[in-house]
Every structure is written in structure tokens, then in C-alpha cells.
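**Student:** Single-letter residue listing:
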Amino acid sequence: MKAYPKLSLKKKKKKEMMTAFLFLAPSLLGVSIFIMIPFLDVVRRSFLTAVTGKFTGVGNYKLIFHNQAFLLAAKNTFRFAAVCLPLLIVISLFIAVLLSRMKQVQLLKSAYLFPMAVPAATVVLIWKLLFHKQGLLNAFLERIFGNTIDFMGSNTAFWVLVISYIWKNLGYTVILWLAGILGISEAILEAARVDGASESVCFFRIILPNLKPTLYTITVLSFLNSFKVFREAYLVAGSYPHESMYLLQHLFNNWFLNLELDKMAAAAVLLAVVLTGFIFLLQFLWDDRGEDEKPEKRKKKEKEP
Amino acid sequence: MKKICSKIAKGVLLGSMALVICFPVYLLFIGSFTGTAELTENLMPVLAEVKGMAKFSLFPQYPTLRNYLELLFDRPDFYVVFFNSMKIVFLTLAGQFLAGVPAAWAFAGFRFPGKNLLFTLYIILMMLPFQVTMLSNYLVLNHMGLIDTSWSIILPGIFSTFPVFLIYRAFSGIPKGLLEAARIDGAGEWQLFIKIGLPLGSTGILSAFVLGFLEYFSLIEQPLAFLKDKSLWPLSLYLPEIGLADSGYAFAASVVALIPAIFVFLLGQDYLEKGIVASAMKE
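Protein chains in written order, with my numbering: chain A, 1 to 305; chain B, 1001 to 1283.
Simulated from the structure, these hints should not be mistaken for lab results.
One or more hints might be untrue.
Derived DSBU-like pairs (lysine-lysine); straight-line CA-CA distance at most 35 Å [said to hold, decoys possible]: (1) Lys1010(B) with Lys1055(B); (2) Lys75(A) with Lys133(A); (3) Lys103(A) with Lys1228(B); (4) Lys1003(B) with Lys75(A); (5) Lys1230(B) with Lys12(A); (6) Lys1010(B) with Lys1087(B); (7) Lys212(A) with Lys1007(B); (8) Lys1228(B) with Lys62(A); (9) Lys228(A) with Lys128(A); (10) Lys1195(B) with Lys12(A); (11) Lys228(A) with Lys75(A); (12) Lys1115(B) with Lys133(A); (13) Lys1115(B) with Lys1195(B); (14) Lys1010(B) with Lys14(A); (15) Lys1115(B) with Lys10(A); (16) Lys1087(B) with Lys1115(B); (17) Lys103(A) with Lys133(A); (18) Lys1003(B) with Lys212(A); (19) Lys109(A) with Lys1228(B); (20) Lys103(A) with Lys1002(B).
Only chain B is shown next, with the shape it has when bound in the complex (with noise of 0.2 Å):
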């Protein structure tokens, strides 16, 4: 009996705080359903400095879709900068692909000088923070006139050593015993890699993936220092510019501006935690 209402209790205390968790998401989707009136008058306070409190309705008394169908019909701009967020996205996805993949193939199956220096350099680059490499960047970016470009966030972001690293874990499950043995019947290095490297390690290098899509998809740092140009600017810079003032935009923006990510984070939170875990092995 006493087992069971622990457990009970354990229950009722975890739920309840997954609640609490995603809670704001919670008012964010309401919010989205919401008219503008309703917002306005309901968050007068906040809004205009009125007397007294802002008020939240957990469920709207008039839903709404007209929120959306403004966004839809009336705000080329958004489209404008979800299409950029999604260009940072894919392409530094891309070059991290072409780049960091074969990088991680390199750390992990051969023997060369200096591999554990470079490796330390690169594990190192990997958990420094942006202000530390922000005026680097910034100096071999205007060297090339690549600032207030979406390029001074794509290039930096596909040399993130982060992915390195995590593919490389995957790599390095590999047994080496089946690659000699490929050697031996005549297959060439770069088959190896094709072949059995990239079918055995796909599942570090999703991990990987679904990792920096959620990372990319919500810069701020970079976009802020490097692009002043507001055409050019991502998602997370567009949706807090908004403001309270157009309430029911700014809900059903943000909640467009979350799906892709729950998307990935649906179909990827395998892959994620695979990821989570790799990424705090020690090497």
C-alpha cells in the first residue's frame, strides 16, 4: 500500500512538473487562437502601462483563426524571413555534411602526426563560446566582404567543430576488423568511407543533424553581430520585433515559427538523445 502511493506521489510530482515545463508553450498556442481584441483588452496593462493586471484566458472566448489567415495573406515579410532561417539552416547542415563528416571519418579511422594535438584543438574550439571567436569572425569575415551577408552566418556555422566530434563517437564504433577486411578484397578508401562508413555511422551523423538544426534554427548572437540588414535576418531576430502591440500576429507567427522545430524534434528526439548522450562521452 505504502509502495503504491509513493509511486503515486512520484507520478503526480514528475507530470505535474512536465506541465509546468510546457506550460508557456501551452499560453503560445492558446495566444495564437486568440483574437486581437480579446489580446489587447486582456493585456491592456502590459501593453500600455493602464492601471491593473494583464489577464490570460486559457482558452479563448471567440477562437480564431484569423491570426493565421493575416500571416498567410497579409505578411510577405515573414515569408521573406522564414525563408532565410531556413537557408542558414539547410546550407550550413549541407556544408557540415561535406566538410565535418569526412573530417570525423579521418579522426576516426587513421593514424597521422599531430592527430591528438588537432583533435584536442578541435574538442577545445568546440566549447568555446560565440563571444570568444565572435571578433575572429568578424575580422576574416569583413576581410572578405562577407558581412551583412547570410554567408558570415552559413560559413562559420558549417567549421563548427561540434559535429566533428559528435560523428566522430559514431565513427569510432566501427570495427576496425571490418574495414581491413574490406581493404583486403580490394576495396579503395574512399569506398570504405561511401560504404560502410556512412550506412554504419548514420546514426551519429543524424544525432548530429537534428542537434544543429535546433541550434541554427535559433541563432541570435551571430545574426545580431553580423547582419544589419533586415531583409537578410533569420526568424529569431524577425518575431521579437513584432511586439505586443500586434498581439495576434506576433502568437500565430511564433507558433509558424515553432513547427519546424517540433517537427524535427518529433521525429528526431531518438536521434536527439542519442546525441545528447554522445556529445558527453569523454575522449
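Here chain A stands alone, though its shape is the one from the complex (with noise of 0.2 Å):
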């Protein structure tokens, strides 16, 4: 008698593993074969030469290490990223308070997510308009300010980048900010106006810290979307941009083109690498920062059945 239940929970535990385990499968094993398996093929690649197949050590990592190319386009990724994410969050952060202090922001909020569905081969005709060295954008500076900029063709290429980017993911941001700072209890914001403080004591005291786990989602997300920003730049230059533009996607692309496998290959890890920890220290930071994020997510819970 005493065996039985002990049996019996055994037997539920083997069978909710059987269950959970055919509902996996399908996508575990695609994901098996189309990623995870081969990646681990580029790995073992990265250690070898492309042609004759032997072993290397690191020699295709030093090899990467000394590409001109290589270094030029790390800098590029690495700057766009540095530029452009600050941007982003703030004027996101700007537009999202500003809308949340509204009542009818439905329509504004249309627009601002509204790049997010265009696809890029469809503006890409009206970038090329508009940054054209003869364009519609220089039309207008020499009406107004008599001189014109060659946007493509020197330093504001990277610019330019950096303007396409923020169209396309200033809406998506904004509604990340909304939904944190609509996540902010009212009674405590009213309560702080009641003890006489102002906006901006408000919005830098209460509003700003409880918004941290925010920043941290955001920079990640929006991150990660800046590798998109290859499709306008290729879009719009071709293979070979300016050199101010020449991203890490660019010379992915063309080392694929050119069968240079084994440059990639050592790359792709490194990639992999320095992006995994990225994503770990972020997450890192925020569990730090874990208590803030409770109650909003009981919030969150509550209204979601």
C-alpha cells in the first residue's frame, strides 16, 4: 500500500516528460538540424584552414584580427551601435512620456509604428530620391542654405544610416517606453503631486528609476535590430558603401560571395561570443534590479487571463 502513490507519482512524472517531450520535438528537432548542429560544424571549421582542411589553432581568428576589412566594418558596427542606441532611447523616451501625458494617442501612435510595416525595398526608391547627390533633400538645402552635402558619397553616409534607423524603430520603442511607464502605479505618482512635487521631480524620481528594467529590454531589442539596418544600406549602396558605412553584414555577405568560409566561419563564432555575453550582462544587470520589476509583472498577470 505505501508503494503505490510513490509509484503512481513516478509514473506522472515519466508521462508529463513524454508529453512535454512530443510537443517539443518537432520544433527541437528542426531546430537541431538548420541550426544547432551545424553551428557547431562552423566551430569546429573556424579552427581549420578552407582549403586543405587542417588543423589551424587560431590561425583563422589572427587571421580575421589582421583583415583590414574586417577591423574597418567591427569599428563601423560598433560605432553605428554606440550612436544610434542613445539616440533611439532618448528621443523615444521623450515622445513616449510626452504620449503618455495624452488621451488620444492611438492615431500617434499609428504613425510612429508605421515604418515598423513598410518593407524596405519599397522606401528604398524614395531614399535614393531624397539622398541623392542631385536629390530632393539637397533641392531643398541649396533653396535654403545655398551649398549641398554629398550624402552617400562621404562621411554623412553613415548618417544617413543612423536617420533610416531611427524611422524605422523610433514606433517600436516608443510603445516598449509606454507600456513600462503605463506600468508605473498612478497612486504613487499621485500621491508625490499631492506632497507638492513637481513634473519634473515626478518624472526624475519616481518615473525615470522605475523605468530601468525598460532600458535594459530596450537596449537589448533595439540592438539587435541594428544589424537590420543591412537591408537599406545594401539596398541603397550596394555591396560596396562608403567606407563609413561598411558594416560587419556587408563583409558577411561578400565573404559568402566569395567562398571565404573560413574567415567567416571564425568570425561567425566570434560573433556568437561577443553577443551571447552581451545578452548574459544584460541579463545579469537586470536581475540585480529584479525587485523593481515584481509588482509590475503581478500587474501584468492579473489582466492577462
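Two chains, two frames, some hints: make the complex.
**Tutor:** This is how it looks when you write it as C-alpha cells:
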């Protein structure tokens, strides 16, 4: 009699495992076949020479670190993120704070979010017209200031990319900030106002500290989305754009076309390690602030069913 | 009084920003109703590098539907690429429904050894950009002989882990008690998934699909790497090829390519916003 419930519990656990496995199997199989197993092969290849397949140790890694194109692309990609992220985060926070105090915001939200729905390929025509040396933006500049800028042929190419990134991602980020701001308890703000706190005190002392978890998520997502700016960059300027906007994505694409698989393998592994490290670092910082997030999370759960 | 003034200032600021953001798409629409002759004349400096500056009429002098008629009747290749895009999008989403939704259910509703590790792995994979997995994808697709077929885009798309994560969020919101009660009443696991999971998780599933549609409808990197045969190209690679010399058609084709995306955006905006917020929640 005594053994009976124990056995049943064990059986139940086993059954639960089996069911879970059956639900998970198709996805796990596909992910293993298309991503995980070949990635292990890429790791292996990153230590071999491309032609003879001999073991070279970290030879390929040394090779890419002495490769001018790689250094330029890595620098530009890093610089792009370092310029874009703060700009995007500050502008979108500003808009979200303004929006959070207004009542009828649906139409504005739609307008900001709209570029996210616009495929890069459909606006590339407009980008080309706007940023051409003799294009619409220069026509405008010439009339107002009397001089023009060679947007795509000089260092401003980098800034064209920045603008295009912010155009595309602004709405996305505003929505995230808004969700964070609206998650802050109205009661706390009300209490502070009753105690005579000004709007700016409310913002810096209550809203901003409460938005820390949101800031981390936005940073991760915006950083990873920044890799997609390659779409606009490639469509507007092709495989070899002005060197100020030559990104790692261009380099990967060109290596791929030239079948320089050894360099690609080493760079892919390197990028995976750096990005995973970045994600874990932010996750670690998040966990530090787990306490802040709890009430917001509970609230979400209540709303959801 | 001061309050009203600042309110108006805010409204004007936000409104004009919204206009600037939507302006490029407005230009696209206007261009599509402008005749090729007028476009060519205005855009000559960009087209042929002659002196002067490009112009653009904010309202066409002679509005015309000719560009659309040309697209409709004289451009069979447009139908081909449009169909290619739709095929990629719908087969990918259908595959995600079959593979991703059950996986999300497994992560949300069951305990099994290695779950946390596996889920962390899924999250990392969802966050890595295409360039990291590009070579991996290529090696396996090449091995299977799928390079230069639509499947080289569709299959890796199906096993993207992003929708699993998003739908997992929705499934975790279903109260455990509800499932336990149904189990006690004798419902099988499959029944629970179909009768409780899918309906209650439908918001999350739709969010994943709206985000997925917009993503797969504008893919560039994958087809650029894996499709050499131009007859397999999706719209997103075909459109930039048209070039400004054929400006009327280029504008009309861009607008028509934009319509499905706008349609999904307008219908699914609510789900889109929910999806964005859910994708950002910490796990």
C-alpha cells in the first residue's frame, strides 16, 4: 500500500516528460538540424584551413584580426550601435513621456509605428531620391542654405544610415517605453503630486528609476535590431558602400559571395560569443533589479487571463 | 492658459513629427499616380546626372492610373515575385504554427529535465542576427540540396525561435488550476492543448504572426545569400532592381508591394503592440 502513491507519482512524472517531449519534438528537431548542429560544424571549421581542412588552431582568428576590412567593419558596426542606441532611446523616451500624458494617442502611435510595417525594399526608391547628390533633400538645402551635401559619397553616409534606423525603430521603442510608463502605479505619482512634487521631480525621482527594467530590454532589442539596418544600407548603396557605412553585415555577405568560409566561420563564432556575452551581461544587470519589476509583472499576470 | 498653450505645443510637436515620419510613404503614393513623363522630367538630375536638382510635385500635374495599368497588364514578372513573397510568408507562418506553437506549449505547461537550459538556448538563438547563423544555414541547406529553392528561406524561417518565445509568454498566462481541473475531468493532453491552450493563447499566437508577416515579407539577407535564380526572388529583392529609369512602374510596384503589409498592420496593430510588449518581457 505504501509504495503505491510513490509509484504513481513517478509514473506521472514520466508521463509528463513524455508529453512535453512530444510537443517539443518537431521544433527541437528543426532547430537542431538547421541551427545548432551546423553551428557546431562552423565552430569546428573556424579552427581549420579552408582549402586543405588542416587544423590551424586560432589561425583564422588571427587572420580576421589582421584583416583591414574586418577591422573597419567591426569598428563601424560598433560605432553605429554606440551612436544609434542613445539617440533612439532618448528620442523615444521623450515622445513616450509626452504621449503618456495625452488622452487620444492611438493615431499618433500608429503613425510612429507605421515604418515598422514598411518593407525596406518599398522605400528604398524614396531613400535614393532623397539622399542623391542632386536629390530632393539637396534641392531643399540648396534653396535654403545655398549649399549641398554629398550624402552617400562622404561620411554623412553613416548618418543617413542612423536616420533610417531611427525612422524604422522609433515606434517600436516608443511602444515599449509607453508600456513601462503605464505600468508605474498611478497611486504613487498621485501621492507625490499631492505632497507638492513638481512634474520634473516626478519624472526624475519616480518615473525614470521605475523604467530601469524597460531600459535594459530596449537596449537589447534595439541593439539586435540594429543589425537589420543592413537591408536599407545594401539596397541603397550596394555591396561596397562608402567606407563610413561598411558594416559587418556587408563583410559577411561579401565573404559569402567569395566563399571565404574560413574567415566567415571564425567571425561568426566570434560574433556569437560577443553577442551572447552582451546578452548575459544585460541579463545579469536585469536580475540585479528584479525587485523593481515584480509589481509590474504581477499586474500583467492579473490582466492576462 | 499656460497649460493649454503647452498642450497645444506638445500636440503640434508630436503631430508634425508623425507627419515627417509618414512623409516618405506619401511621396511613394504620389509618385505612383504621376505619369512617367512627368517623373522623368522632374527626376532627370538623379537619373542622368545632368546639372540641376531633382524636383517632385507634391500633387501630380496630371494624375494618372497608367502606372498601375502597366503593372496589371504588361508585367507578368511582377505576379511571379509577388507570388514568391506570399509563398515564403505563408509557408513559413504555417510551419511556425505546426512546430512553434506546440513547442511553446511544452515550455509553458510542463516540467522536464534540461528545460531551463534549452529555453535559454532558444532565447539566445532568437537574439542572434542572421550573420551569425548564415554559414550554418548554408552548410546544411547545401548538404540537402536546397540552395536556390524557396525552401532555403522557408525551412530556417519555420524553426526561428522568436515565435516560440512570444507564444510561450501567452501560454504562461493561462492559470494552472484551469488545466488541472480539466485533467481531473478526464481531458487528454492533446485535448487540453487544442481546447484550452489554443483559444486562450490566441492573442499571443496572432501577435507572433503579425510580427512574423512583417518580418518575412521584407526579408533581404536570406534570399540575397541563398537564391541566385531571379525567378525565385521575393518582392524585396525585385523592387530595387527596377531602377529609376522605369520610374512610373517602380513607384506603382512599390505601392502594390506595400499594400499587404499595410493591410496586416492596420488589421493587426493591436496584436502588434501586444507582441512588441511581450517580446520585451524578461524571462
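**Student:** It remains to establish, for every hint, whether it holds in the given structure.
**Tutor:** Hint check results:
1. Lys1010(B) with Lys1055(B): 32 Å, holds
2. Lys75(A) with Lys133(A): It holds: about 26 Å lies between the C-alpha atoms, which stays within 35 Å.
3. Lys103(A) with Lys1228(B): At roughly 51 Å apart (the allowed maximum being 35 Å), Lys1228(B) and Lys103(A) break the hint.
4. Lys1003(B) with Lys75(A): 47 Å, violated
5. Lys1230(B) with Lys12(A): 54 Å, violated
6. Lys1010(B) with Lys1087(B): 44 Å, violated
7. Lys212(A) with Lys1007(B): Within the cut-off at roughly 27 Å; holds.
8. Lys1228(B) with Lys62(A): Answer holds: Lys1228(B) to Lys62(A) is near 32 Å, not above 35 Å.
9. Lys228(A) with Lys128(A): 18 Å, holds
10. Lys1195(B) with Lys12(A): Since the Cα atoms of Lys1195(B) and Lys12(A) sit roughly 22 Å apart, the hinted pair holds (cutoff 35 Å).
11. Lys228(A) with Lys75(A): Status holds; Cα separation ~17 Å.
12. Lys1115(B) with Lys133(A): Not satisfied, since the Cα-Cα distance of roughly 55 Å exceeds 35 Å.
13. Lys1115(B) with Lys1195(B): Distance of about 25 Å is within 35 Å: holds.
14. Lys1010(B) with Lys14(A): Violated. Lys1010(B) to Lys14(A) sits at ~60 Å, over the 35 Å cutoff.
15. Lys1115(B) with Lys10(A): 18 Å, holds
16. Lys1087(B) with Lys1115(B): 34 Å, holds
17. Lys103(A) with Lys133(A): Roughly 43 Å separates the two Cα atoms, so the pair is violated.
18. Lys1003(B) with Lys212(A): 29 Å, holds
19. Lys109(A) with Lys1228(B): Outside the cut-off at roughly 39 Å; violated.
20. Lys103(A) with Lys1002(B): Given that 35 Å is the threshold and the Cα spacing comes to 19 Å, the pair holds.
Consistency note: the structure conflicts with the earlier hints numbered 3, 4, 5, 6, 12, 14, 17 and 19.
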